[in-house]
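A.B. asks: Next come the chains, spelled out residue by residue.
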Amino acid sequence: MYSRINNKDKKAPLITLVGPPNSGKTTLYNYLSGKKSKTVNYPGSTVNYSVSKILSKHEINADILDSPGIISLIPTSPDERVSVDTLYKHPKYGHPDIVIVTVDASQLSRHLYLVKQMMESNFNLIVVVTMIDILKRNGKDIDIIKLSAILGCCVVKFDGRNADGIKHLLEKTRDKIVAIQKEEIILPVAKFQIDRDKLLLSYKQIEEIEEEVIIDNNNRRNGQLDISSINDNLVVLNNRRAFVKPDARTLKLDKVFLHKYWGLAIFFIAMSVVFTAIFWIAQPFMDWINTGFENLSSFTGELLGENLFSDLVSGGLIPGLGSVLVFLPQILILFFILELLEDSGYLARGAMLVDKPLSKIGLNGRSFVPMLSGFACAIPATMAARTIANKKERFLTIFILPLMSCSARIPVYALLVAFLTPKDKPYLGGIFFTLIYLFSIVSSLIIAAIANKFRDRIVKEKEDSSFIIELPAYRKPKVWINTKHAYKNAIQYVKKAGPVILILSLVLWVLTTFPNFDPSIPDADKLSAEEVSSAKNSERLAGSYAAMMGRFIEPVMKPMGMDWRIGVSLVATFAAREVFVSSLALIFKVTDDDEDTHNSLLTAMKEAKFEDTGQKLFTASTIIGLVVFFVFAMQCLSTTAIARKETGGWKIPILQIVVFTALAYAFTVVVVNGLKAVGVS
Amino acid sequence: MKRADDLKIGERAVIKDVDNSHPSSHRILEIGFTPGQEIELLNCSAFNDPLAFAIRGTIIAIRKKEAHCIHV
Ligand SMILES: Nc1nc2c(ncn2[C@@H]2O[C@H](COP(=O)(O)OP(=O)(O)O)[C@@H](O)[C@H]2O)c(=O)[nH]1
Ligand SMILES: [Mg+2]
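These protein sequences, in sequence, are chains A and B.
For what it's worth, this note's numbering labels the leading residue of the first sequence as 523, then goes sequentially.
For what it's worth, this note's numbering labels the leading residue of the second sequence as 2, then goes sequentially.
Treat the hints as calculated values from the structure; they're not laboratory data.
Model, not experiment: these values are computed from the prediction.
Cβ coordinates follow ideal geometry from the N, Cα and C atoms, glycine included.
Keep in mind that the hints are not guaranteed to be accurate.
A short list of chain B residues far from chain A (calculated; beta carbon distances all over 12 Å) [what the hints assert, rightly or not]: (1) Met2; (2) Lys3; (3) Arg4.
Heads up, simulated DSS-like pairs for lysine-lysine below, C-alpha to C-alpha not over 30 Å straight-line [said to hold, decoys possible]: (4) A:Lys913 with B:Lys66; (5) A:Lys1173 with A:Lys614; (6) A:Lys679 with A:Lys726; (7) A:Lys679 with A:Lys782; (8) A:Lys767 with B:Lys9; (9) A:Lys767 with B:Lys65; (10) B:Lys9 with A:Lys882; (11) A:Lys913 with A:Lys878; (12) B:Lys66 with A:Lys720; (13) B:Lys65 with A:Lys726; (14) B:Lys3 with A:Lys878; (15) A:Lys662 with A:Lys726; (16) A:Lys575 with A:Lys698; (17) A:Lys1006 with B:Lys3; (18) A:Lys575 with A:Lys611; (19) A:Lys662 with B:Lys17; (20) A:Lys704 with A:Lys726.
So here's chain A without its partners, still in its complex pose (with noise of 0.2 Å):
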């Protein structure tokens, strides 16, 4: 009898991956899924399921579904809790038909374990046995058809390298979809416990399942028994395992970058080495996109002339798609190097350098990982915070990120910093980067120790803190692979912000362009048509709902010292940084002449003087403040959004908006003024 359960209308039989961290589950779902995967996991690690079609050339009409690595079914965090819930039931896809489960052949006896817990709960399975490659680089091989025999389920190898096996896996994977059709369907066991002596007794049968099924060849040198290992595998009479060594290659690195004191500045020297290279790298194509959007418009402007169409499309479209795009190649670098160092194994050891003293502050050393991605963006990072199995250290976890100085602050920061920057001393820009970006790592450390005083009052649970990491052994990473990854998150990314902050720039051109979008300017004609326009922009903008707004913010803005105009670009950003350069352009009214915008936007910024007293309104002073402003405030609704998720309640976004935006509003009133009071302009 055909019954499926919770899915009457018959979808396509969904295919789960699972397996234990680095297992190659990613690396095979790379080779089945399609090109539309539905879900991008963000560098770092998989800390969410990605579901797609199985690639049409495959011959299977199925979903396939890759998912967080686990250990065992009881998970710990909720990144495991992510894969053993799709386990059992996902809510969109349902209950899985064929659970493929991946086995390390290196590490086969902690690897079993999760395969024995599965069959135990009646899990559909197929075991895939990977990295067969390392197993025999140690001088050892597997018998798959004993392993096969002995588990009592299909077993099959892959080799993640090159795909070897695929064609095998396939077939026995028809099969299985040809088998649930007929057979009536056994729902896995809900619910899986184990006690400790169950768990001892699951390892002493692996262990013996792994004694049949792994050959050693090592014992034979030359036909010639090798006494020194008999006597290894003795040890395992007196009850006592063998020791099986680590990669070779893997210690031998290890003991450089894990040395006492070398590691940890090895660790600094990268971790500045990868933040130089963002801004170094990034910095010229991010000019070239930033000069190409403002030709682009002003072309535009001038082919469609003066009317309101015109400046909608150059004045806020293409501006607002300009101010999406000009952080691309931030993200796309960010994100290459992160895979970079999770594809090499980096990644891990740099979570064990830092765990003591992030524990210190109520992190941990799991933090990293989300920290180091908020540098590219704050809502791949809330995400990646899931490794975190101790509620409390996840939760301060995510509410610091939106500290750490992500992308969209960069054309922020680098049309402050060229204003700060003199002419003739180019390279203090690059100093002044620097200053910003320690600035904000410190005082969210900071930030983050005082946070931790109050950590019970928001998280109740009493949990341990633990750090448990699998170090991977180093691997080559696969450039080529992580260019291509790094370029499809970017992509995502840009695809997911990108509508947000095309509609803010879209309201923000509605809001400084009407009610009074045509103003009538007395005396006209004794005017030329280039003063009549900027006369009516001047006009429109001091009469439009912006204004309105933003003199109604007014006297909050005063004690920072700054003006309405400034207040309206800043309340712009808090749906999303990224768009004070553009409603800045926006609101000083930049008219195009042969000088190209940027440098426009910052002779307006140096001209514009304080409507009452005629005092210059972009000093020193106020330019510091804005970057001390954008430091600490909570500019960003998907951040907010994904944290809300991330925690299950409002209490972490609200209390995010309100600490970081009256901390920034604070520090920027003391700064301003206390930069005042020393004399500096």
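Put chain B with the ligands on the given structure of chain A with help from the hints.
C.D. replies: Showing chain B with the ligands alone in chain A's frame:
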């Protein structure tokens, strides 16, 4: 009684027992630190914590506190 965090770098030992009372003890067992298994302390970080152990063909880093509940 000697525990895993008493080991010197490069020293090997066989696990005798894992403290049942420790909150992470179940995870520690699950990840492969079972009685009878031989482990080696490979590295420790600059702050002497966490410690990296070779076990069952791989390397696993755990905090000192967690290593302390492993009797060797
Ligand atoms: N040598 C070797 N490396 C593999 C094999 N399969 C996967 N890998 C590599 O192992 C690493 C971890 O794989 P990944 O698929 O990300 O593991 P996941 O954590 O289970 O998703 C990647 O660097 C892969 O390229 C294999 O059969 N042999
Ligand atoms: Mg993965």
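A.B. asks: Each hint should be assessed against the structure and marked as holding or not.
C.D. replies: Hint by hint, here is what the structure shows:
no., hint, result
1, Met2, "holds (18 Å)"
2, Lys3, "holds (16 Å)"
3, Arg4, "holds (16 Å)"
4, A:Lys913 with B:Lys66, "holds (19 Å)"
5, A:Lys1173 with A:Lys614, "holds (28 Å)"
6, A:Lys679 with A:Lys726, "holds (24 Å)"
7, A:Lys679 with A:Lys782, "violated (39 Å)"
8, A:Lys767 with B:Lys9, "holds (17 Å)"
9, A:Lys767 with B:Lys65, "holds (22 Å)"
10, B:Lys9 with A:Lys882, "holds (25 Å)"
11, A:Lys913 with A:Lys878, "holds (18 Å)"
12, B:Lys66 with A:Lys720, "holds (25 Å)"
13, B:Lys65 with A:Lys726, "holds (26 Å)"
14, B:Lys3 with A:Lys878, "holds (23 Å)"
15, A:Lys662 with A:Lys726, "holds (21 Å)"
16, A:Lys575 with A:Lys698, "holds (17 Å)"
17, A:Lys1006 with B:Lys3, "violated (50 Å)"
18, A:Lys575 with A:Lys611, "holds (18 Å)"
19, A:Lys662 with B:Lys17, "holds (28 Å)"
20, A:Lys704 with A:Lys726, "violated (36 Å)"
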